[in-house]
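Number of protein chains: 4
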Amino acid sequence: MDLKGRRYILTIACPDRVGLVAAVSGFLAEHGGWIMEANQHSDHGSSSFFMRDEILAESLPFDLAEFKERFKPIAQRFDMRWRIEDSSVKKRLVVLVSRQDHCLSDLLHRWRNQDFAFDIPAVISNHEDFRSFVEWHGIPFIHVPVSAGNKDEAFRRILDIYRESKGDAMILARYMQVLPGWLCEELPGQILNIHHSFLPSFAGAKPYHQAYERGVKLIGATCHYVTAQLDEGPIIEQDVIRIDHGDSPEDLVRHGRDIEKSVLARGVRWHVENRILLNGHRTVVFK
Amino acid sequence: MDLKGRRYILTIACPDRVGLVAAVSGFLAEHGGWIMEANQHSDHGSSSFFMRDEILAESLPFDLAEFKERFKPIAQRFDMRWRIEDSSVKKRLVVLVSRQDHCLSDLLHRWRNQDFAFDIPAVISNHEDFRSFVEWHGIPFIHVPVSAGNKDEAFRRILDIYRESKGDAMILARYMQVLPGWLCEELPGQILNIHHSFLPSFAGAKPYHQAYERGVKLIGATCHYVTAQLDEGPIIEQDVIRIDHGDSPEDLVRHGRDIEKSVLARGVRWHVENRILLNGHRTVVFK
Amino acid sequence: MDLKGRRYILTIACPDRVGLVAAVSGFLAEHGGWIMEANQHSDHGSSSFFMRDEILAESLPFDLAEFKERFKPIAQRFDMRWRIEDSSVKKRLVVLVSRQDHCLSDLLHRWRNQDFAFDIPAVISNHEDFRSFVEWHGIPFIHVPVSAGNKDEAFRRILDIYRESKGDAMILARYMQVLPGWLCEELPGQILNIHHSFLPSFAGAKPYHQAYERGVKLIGATCHYVTAQLDEGPIIEQDVIRIDHGDSPEDLVRHGRDIEKSVLARGVRWHVENRILLNGHRTVVFK
Amino acid sequence: MDLKGRRYILTIACPDRVGLVAAVSGFLAEHGGWIMEANQHSDHGSSSFFMRDEILAESLPFDLAEFKERFKPIAQRFDMRWRIEDSSVKKRLVVLVSRQDHCLSDLLHRWRNQDFAFDIPAVISNHEDFRSFVEWHGIPFIHVPVSAGNKDEAFRRILDIYRESKGDAMILARYMQVLPGWLCEELPGQILNIHHSFLPSFAGAKPYHQAYERGVKLIGATCHYVTAQLDEGPIIEQDVIRIDHGDSPEDLVRHGRDIEKSVLARGVRWHVENRILLNGHRTVVFK
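Residue numbers (the numbering used here), protein chains in the order written: chain A, 6 to 292; chain B, 6 to 292; chain C, 6 to 292; chain D, 6 to 292.
Among the hints, a few may not be true.
No copy is singled out in the list; a pair is fine if it fits within one copy or between any two copies.
Simulated pairs of lysine to any residue, SDA-like, Cα-Cα distance not exceeding 20 angstroms [to be verified]:
1. K292 <-> D48
2. K292 <-> E42
3. K211 <-> Q182
4. K73 <-> E59
5. K95 <-> R259
6. K292 <-> G251
7. K171 <-> W116
8. K171 <-> A127
9. K292 <-> V258
It is worth saying that the hints were derived from the structure and are not from the lab.
All chains, full assembly: derive it from the sequences and hints.
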């Protein structure tokens, strides 16, 4: 069998009980399913169990639809929230950007390079700056201006584009508009943001200037799911970089860009590969 | 059940085959075994499978001896190298040191504090320097001088002390003598060393001075199992620290001490908790 | 001349003006003063200038008292806050601790080892736990119980001990009592604390539990000067360590200890070597 | 005066002597020169002194040519290797690339964004892959095929292009050809390479595969000046990233790309800003 072949990615979250792993792995073994990568986590605080398996598709005698049908009784028995997806079906990421393109440019390179498997059906911006660069990639660039007066309408349009693009996730790649609560609730666990601070420090506006004023010795960035509570969504990934007294606020902004793009890229990859499971307002990340 | 209670730690390495996880988890589920922590790894290059389970002892209807008896047929069927241990039985670490005590002092603090569960039945040194400090802890300090002439005899004595102390592992906490090949072969996977460089860079003597001469921008330390091939054993853990042009070789030595002690401490903890499995000359570490 | 010999450490903070460096370096050159290490920083925001020179004492034809006398006119001309100290006079650190000794133990090892030059004339604690360990070092251990009723009196006593010990700095090595405002104001820039979070995140009590609840992916520690505003003093040093979903609050506490002790040790060394200059509520650190 | 205005960047390397800083800063002060940023380093091992000053151009009563004329006697007196450059004159970087474009793409973004001040007069490649992407930027893309038979001729052509482009530095952005010794000697301290390992570990071919085989726990990248000795030139910057047993050689390659591009970008910026001084086969980097 081709070990690099197509895989089914099965993710499960459910109450922790004896026999869970046996039931799932027994089901897979019974049908010859070859587990290429496996992760489990028991959260003793909430008595929850989380699991992710990558199974070689070719090793199973049935397709995804039949897998789902056959697995359903087990899922019901253990009260699972679960999904299974085919690794060869690329996730479609709609990218939103404003006037800074370091994250956009980084994601476009990873797409050109297929660093990991994903597609970008559209880039949406409230400015025109990056039209030419995006269109060079053969990707539609859609200008949706946002103003105090048209906010709701603008985001209705953005949601329409997302639906028409058959988006699987919306990536806020330094998109400097606050999303309306109804949109966050419409797409739970589908919107990823990069915040330019090490949350919960310096939530809100101008975090690098806040960091400079406070005199911290490291600055960071946070990739998180967007919820109706601004800067409060479940954290996916964070990283920091060392600064010192010689760095001006402008230097922090410059250093920060490097952290922002790598933190967002890691978060996006994990999301695309179904490595992130929600555990209340925290995340389980099976790297 | 008391979730903080005694656990059985089961580790398995074997050829990768369909049904492995099902067999092990099925066995546990059948007897009500509650898996508190689980890790698996498939090495596709070598077609090997590695697994570690922490099972709540109280959840099983039999003791460790009976577990071993009942598990044997499964182990044989899948050609497993395996072990199971009781987390409440503390591992006994015999610590060897020469004239620098930063790693020794750090380990003694972790023992006083029971940072993780272990005992130190003896500290052996080729110098007298740290007798009083070690003895304050109520731990025997044994001076075994090593010279060009008595090397073999000295290490026979060290092995005797290790056996009499019922040692589970020998920790070279900046022990500046090369162990004879026969001793390394006598205790495979039981001797941990901290090397004061980021191996394979700067193997051999005076690594910080080598690093200074080469002008590297980060220095590191490596915790590894000791084999008959000097500085070539399987790597358990590594870390680095940033230096710059202002740092003299003496500064590198000073910075390096901080990395050495934290890297050794992590390696020792993982060894004590059976988190390290050998995969040829590499390691699988289930953190 | 012996390049490892005694040095004078000159630190200066003043309004930034043309001719400053020329005046200081001209003064030194005129008397043959050999600068071993030099650092300067211009803060353009506040138009302030900061400088630190290490001068080989032997290269100058006069002693420290005469240096001060001769330098005074320059200092006045440029409106300097300045000090000069002899590197061979060890700073005296009074250490305060409660019931966790990882920072204390680390500092005591650095003192035994003279990792950098300092003395510990006294260890003060509101508990008796570490008396024997401290006294083994030949260092006085003084138990000063603190309760809701005797707080002011207790800290008067602590200040008395500090004065009698001729303390140069007070190190709060996980001392779990809030210092009264009057004490902070009595010893400005002399009290160093280690806070067990990456400030300004998780100020206040139980920061690791707060961090766990928020689901951050890195935890940190902060060494700062203590002011009357709790957890708000100028930050000296910070560092972080990566955690993941598998870490319980207890694991965070354990990982955090390693960061706390290294961050505190760096802050203490920089303070002892006069590497930290205050710039309003921020610090300039000449590493 | 406009503090963000044009600056002169003065760098000096010379034997360490009393009076050096006084002479330079006295000269500047005499003419009203405002030092915006200053760094000094004394290497006690080699008795060498290194210095970098950023001076506000507007604060001086003369231009660069006259500065050079007037400074010459001081430079001669102290036997200085020195240069002074105008920060408003952008350095011209000729970028060489083969078939991996992560570093190229990153540098092009930094150029579009003017992350720091530089120009790219030409991109040279031994393959055609990135012509369209480079040309979209309005930058000439020149294909110079290299084969075993035409190597010398190809590199003569590359040197010609570099000269005609008035190149200030040649950036090997994952250029997979070994430069001939004569070219390295023709452009000392002008060619920067990114090596995909933490040198001196894993010099030579396929470093990530070497790293995988050895089982290291961190992988790295090294930015260095190119000399006739392959992978032996002075190191400018290095960084590492943590990996684990779950990472295949392909994963290491993928993780490594992120480190390579950030390490190269830092090295290039420091070179462009004249922050790197050679100290024998090591570097002094004034960040």
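Within, between, both or neither: how does the pair K292, G251 come out at a Cα-Cα threshold of 20 angstroms? between (36 angstroms within a copy, 9 angstroms between copies)
First find the shortest C-alpha distance between K171 and A127 inside one copy, then the shortest across copies, and answer within, between, both or neither for a cut-off of 20 angstroms. within (10 angstroms within a copy, 40 angstroms between copies)
At most 20 angstroms between C-alpha atoms: does K211 with Q182 qualify within a copy, between copies, both, or neither? Close inside one copy (13 angstroms), not across copies (34 angstroms); limit 20 angstroms.
Homomeric proximity label, K292 with E42: Cα distance no greater than 20 angstroms: both (10 angstroms within a copy, 16 angstroms between copies)
Copy assignment of K73 with E59, given that the CA separation must stay at most 20 angstroms: For K73 and E59, only the intra-copy Cα distance (15 angstroms) is at most 20 angstroms; the inter-copy one is 30 angstroms.
Within, between, both or neither, where K95 and R259 count as close if Cα-Cα is 20 angstroms or less: between (32 angstroms within a copy, 19 angstroms between copies)
Between copies, within a copy, both or neither: which fits K292 and D48 at Cα up to 20 angstroms? both (17 angstroms within a copy, 16 angstroms between copies)
With identical chains treated as interchangeable, where does the CA-CA distance between K292 and V258 reach 20 angstroms or less: within a copy, between copies, both, or neither? between (28 angstroms within a copy, 16 angstroms between copies)
If the cutoff is 20 angstroms on CA atoms, where do K171 and W116 land: within, between, both or neither? Let me know, please. within (17 angstroms within a copy, 34 angstroms between copies)
Going down the numbered hints, you'll see the structure goes against none, and every one checks out.
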